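Undergrad: Each chain, written out:
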Amino acid sequence: MHATRFVIVALLTAAAAPTLSAHHSFAAEFDVNKPVTLNGTVTRVEWGNPHIWVYLEVKDEHGVVQPWQCEGGAPNTLTRNGWSKDSLKPNSSITIDGFLAKDGSKTCNLRTVKLPDGRSVFAGSSAPDAPPPPKR
Amino acid sequence: MKRLAATLLVILAMTPLAGAFADGRQEYKPPAQQEYTPPTGPAPRTASGKVDFSGVWEKPYVPDMTRDGKGQKSEGDLPFTPWGEAEWKKYDAAEGDYTGACLPFGMTRSMNTPEPMQFMQSDKYLGFLFEQNSWFTVVPIDGRTHRDGIATWFGDSVGHWEGDTLVVDTVNFNGKTRLDTVGHPHSDQLHLTQRFSRPDLGHLTYEVIVDDPKTFTKPWKNVRTLTLRPDWEMMEYSCEENNKSLWEGRIKVPKYKP
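Taken in sequence, the protein lines are chains X and Z. At position 111 of the first sequence the residue is numbered 1493 (the numbering used here), and the sequence of numbers has no breaks. At position 175 of the second sequence the residue is numbered 177 (the numbering used here), and the sequence of numbers has no breaks.
Any given hint might turn out to be false.
[Stated by the list, open to error] Listed next, the in silico BS3-like pairs over lysine-lysine satisfying Cα-Cα at most 30 Å (straight line):
| # | chain 1 | residue 1 | chain 2 | residue 2 |
| --- | --- | --- | --- | --- |
| 1 | Z | 246 | X | 1488 |
| 2 | X | 1416 | X | 1496 |
| 3 | Z | 75 | X | 1488 |
| 4 | Z | 75 | Z | 91 |
Keep in mind the hints are simulated off the structure, nothing from the lab. Every value quoted in this text rests on a predicted model; they were computed, and no experiment measured them.
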């Protein structure tokens, strides 16, 4: 049983492996010091270059539903890795881990998108390649 | 128990991942990428006997040319001149990010991207087809000298053979690009030397030497290994198609002096 569990964990880890995008510098748009976790409902997915975008509705601390948008990887790389626009359907409940945009809008760079059962979709964002602290 | 684990791993290794979570949910499609083994054999040659680099190649992603990564070896900290050091220290991508604004990546950043590239080769030319932004550059490799044209984002490249190594020499850059994603600088005095060799069918050895006396006190280099992907086709990549980050003001266009 432990072996089975190990295999499943290993597969989930592989599924969560990041894909990469180099369209823009992470630091140009997002703040690596502002991680965010969003629990919400998917409204739509845009599957176009240079990045996919996941739109979702998230309840704020007052219970008011707020629209959010999160940037993912490049569709070409995601497609080569087996994902498609249909990998995440509208009305799906998801948890996104990512980083907030610097401009304070309800925008994030998604690091992971998880379904309620813990599986990840769209493993892909530029966050794993966020520039390291500059050597200055 | 170990035997059970090993058996399960073997079964899973032989099973397409698409079936690993066969629970009928249409919206879930697991990643297809797994360990890849390139084809083996000797490096192919053209009809005229030159090493043939044609094919679709997987490149290591190199966001920072001072750091080692999978398939890439750096030389560590860069030998900046005072001018180069100042350019590096003042760089802030949030003030202007030319690639985010869909301006041309330039030669080094195009070679650095995680997207694949295709080489198309004749006796006269080597075509660099970059998937990133569907950009290309065509390099004469018949021994001619540099053109005396206007400075450009990708510079002016010519190639020549040193035995089985193709050496591509590039000058006349416009100085508006950065060497890598983290923003290491260069000037319009940049002189790039890219050396291509093919130790076998499945691999390409790539060496890029950065020489820029305004920015660095001495030349430095990266050495990388590219992997042949006959199972891949190049895909269209429109940078402008849905560049929301630019339209919505989160990415800014750099202010270049005319």
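Undergrad: Is residue 75 of chain Z within 30 Å of residue 91 of chain Z, Cα to Cα?
TA: Holds, at about 24 Å.
Undergrad: Taking 30 Å as the top limit, are the C-alpha atoms of residue 246 of chain Z and residue 1488 of chain X close enough?
TA: holds, 13 Å
Undergrad: Are the Cα atoms of residue 1416 of chain X and residue 1496 of chain X separated by 30 Å or less?
TA: Cα-Cα ~19 Å, so holds.
Undergrad: Is residue 75 of chain Z within 30 Å of residue 1488 of chain X, Cα to Cα?
TA: violated, 39 Å
Taken one by one, the earlier hints fail for this structure only at number 3.
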